[in-house]
Amino acid sequence: MSQVRVPADSGYVATPEELAYEARAAENALFTASRLMIGCFAFAFAALAFAYFYLRSANSYDLWRPHSVTAPVGTGTAVMAFTAAATVLLLFGLRQLRRKDVLAFDVAGWVAVLSGLLALGLQCWELTDLPFAPATGGYTSVFIGWAVMNIIMLVSGIYWAETLLARRARLRKAITEEGGAVRGVPSGIFRLNVDSCVYFWGFIAFVAVFFWIFFYIAG
Amino acid sequence: MTLDVAPPSQMGSTGDTLPPGGVVHRRPWWMGQHMGTGLLLGIGGYALGHYLGNTIAGGYTHVGTAGENDVAIVLALLLGVVGWLAGVGALNYPLAKLAGREPVAQPDTQHWTRFFRFSVEHKTVGMQYLIAVLVFLFTGGLLAMSIRTELLSPTSHIIGPGTYISIVGEHGTVMMMMASSLVVGPLGNWLIPIMIGSRRMAFPRVEAFSFWLFSAGYFVILTALPLGGFPTGWTGYAPLQTQATVGMDSYLVGFSVIGLGMILAGFNLLVTIINYRAPGMTWSRIPVFAWSILATSALLALATPTLAVACMFGILDRTVGTAFYVNAHGGSSYLWENLFWFFGHPEVYIMALPGFGIVGEMLPVFTRKPLFAYRVAAAGMIGVALLSFFVWQHHLFQSGINPDMRPLFMLTTELISIPTGFIFLVGLGTLYKAKIRFEVPMLFALAMYFNFLIGGVTGVFVSDVPVDVTVHGSFFVLAHFHYTIMGGLVFAFFGGVYYWMPKLTGKMMNKTLGKVHFWMMFVFFNLTFFPMFLIGLLGQPRRVFEYAQGLQTLNDFSSVSAFCLGASFLVFVVNFVWSIFIAPQEAPLNPWGSLGLEWQTATPVPQHNFERIPVVLTDPYHYSEPGASPVADLAPTSFAEFAAVGAGGGGPIARGEP
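Residue numbers (this note's numbering), protein chains in the order written: chain A, 1 to 219; chain B, 1 to 658.
The set of hints was computed from the structure by calculation and includes no laboratory data. Treat the hints with care, since some could be wrong.
Selected chain B positions facing chain A (Cβ under 10 angstroms, derived; list incomplete) [to be verified]:
(1) Ala202
(2) Ala298
(3) Met312
(4) Tyr334
Just so it is clear, CB atoms sit at the ideal spot from N, CA and C, and this is done for glycine as well.
Could you build the full structure based on these sequences and the hints that come with them?
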């Protein structure tokens, strides 16, 4: 049974069979983790949705939504649209990656990050420009809760996408400097990582559209 | 060519790699990032947050009127946590990753200073958790002693009512935070990879991050006392929550921080168990302790986000003036109760299930019998975990919920006793006609069954609406949950510590001191808490520092027993220090004769746990079975034929699904 010693000075010895086995485990772990992460966020947003419907149905002191206050529809729609656009771009990038068109993936990815940052910026700005006080009623409270949670989720999604793209950029540079191919094809685990990231962005977009309907359209 | 950033050669490492043949520049221990720098930056962050909060909100009218600035306190606590994390080095890689960088090499070291650093080695993290949960436990215990001291007399007081309720709240919160991680943190992180035949955790950095969040939460919750405490008890009920002084901010931020740590710990363990099982480690072969951690981790990962969101709503109410829990402004105090208990009841099973997992491991070893109905135990744990999401409303029976809803939640609560009973019967079936070896761990295991029986039966009793309405908020309920959590989990935990300490440290705990510890703890636990059932039935409410004169005898009996119970923990500390540091006695490789995979490796366990990835051949419960195959092949020449039934070969990717 042949053996390789990696890393050189750690004393750790692994057989090729073990390496392959653990590589598969790592891929599976990434797959499971991304789905579980969506589960964690789903429970958090379920709590927000519960708060929305609970306070709406309770309508304490008839103060669910006094004077039909509404958060700025234009800004909210733009946040939702930029979020959806980022998801679509990442999805497009993933498809291009599967076709080994790495440049298209890079461009789509960075534009998606930019789109996500625009959504994030607008969501923050919206909080500073609300036409109501936080304590006006149940709706206003839940809306501020939603905005904060959306910021957290957008930051998570942008971080994931950005770190993937930055990693690719750094490695491409390193390989180029070492005289390798200018444009390499990312391996399976990288593609799986991108796939998981896109899956998570799909969830972000779903949540964005869901709450956009309830805060801006059917509030 | 490939641009993969995680070459397979790194898969078996702890997550950090050394440059091949390269030199790692090591700074002296006092110059690196460690707990000291964490404390320093944590204090700095606290001061900065306080300053920012005062700058932002110092001019607000209500801040001027109340003389308290919640914005300053919340920002101080949050930036304090960020400073702590930055100081210990937990943020180095997440920030470097933004530039696409790889992890910086972390030299493998066995120096004791590793316990004060951001280590990604799962055994080190497990030991860090062990010390931390004991610090939590003893802090909560000291607070309990002060509660019992105050209750020695119905009318003469040592502390005022405000201080009393603050101490009660702090005790409950610290203990709940501790109990959530009591087993998952130390034993889960240390043992699970080895028990399932893995060389690593799925996400070592996430694991380490969860510990440093957990430890940050300890400091945050402690700040509640100097900030005036919180009057709500550990449940943090609104509207008291909204009306409380700034000590409440420590509760909300502390629970959020610990909650995030709990989510990450559960997340990591769940992914590890699903994906890093050794070849041949099928679902019907994983140890029952791993089943319990699997079920607990699912609850941690899915129920705790609700708590974090509920706490965030509370923080928003107290800082930016939203009205989630303020009825007069369109909110509802019941919203907190619902969100809190949607987390809070699964939390009960987060605390109970690992205890059953521990005793499930020990019973076959000390009875030399196979575990009775292994599959029923596993099914029971999953059943409890699932049902625990459907019972939370029984905490609101007395809160004015729609009476039509009561029977439904009474039924679901009673239903959960069925899978719990399965798990209990598995233990009794294993004990049936067994020749029991009464070693110290086994004594704790048996005591756990005795205590949990009382806690469980009274639990079914109080799930009935008429009883619940009668004893709600009384010492009866207090006695019930102490019997389940302390009588169940804490006894199982100490059993686990005595059982696995030879593997964790290579040293045997002193048997005589262990038995003294056990008998003191068992006797005085029951003498402390059983009278509380009577005190409760006689009408003494919880969280009130005065009581009827006629209940003094029972209260004094309980208090004196509690002091002796506290002393039993000192015996444990003496035993621990004596056995590990002063007069260490080398432990045999497998002192209990266990078949568990964790006992088949060397002691101390090698950094990568196993020389070769083992091939698991059977479950580890075939005691006294002539001709039973060994549990695992620790030096397989090939495991190709088993790969399909392990994790690495059996997951969704390997099946080509995505």
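Of the hints given before, which are not true for this structure?
none
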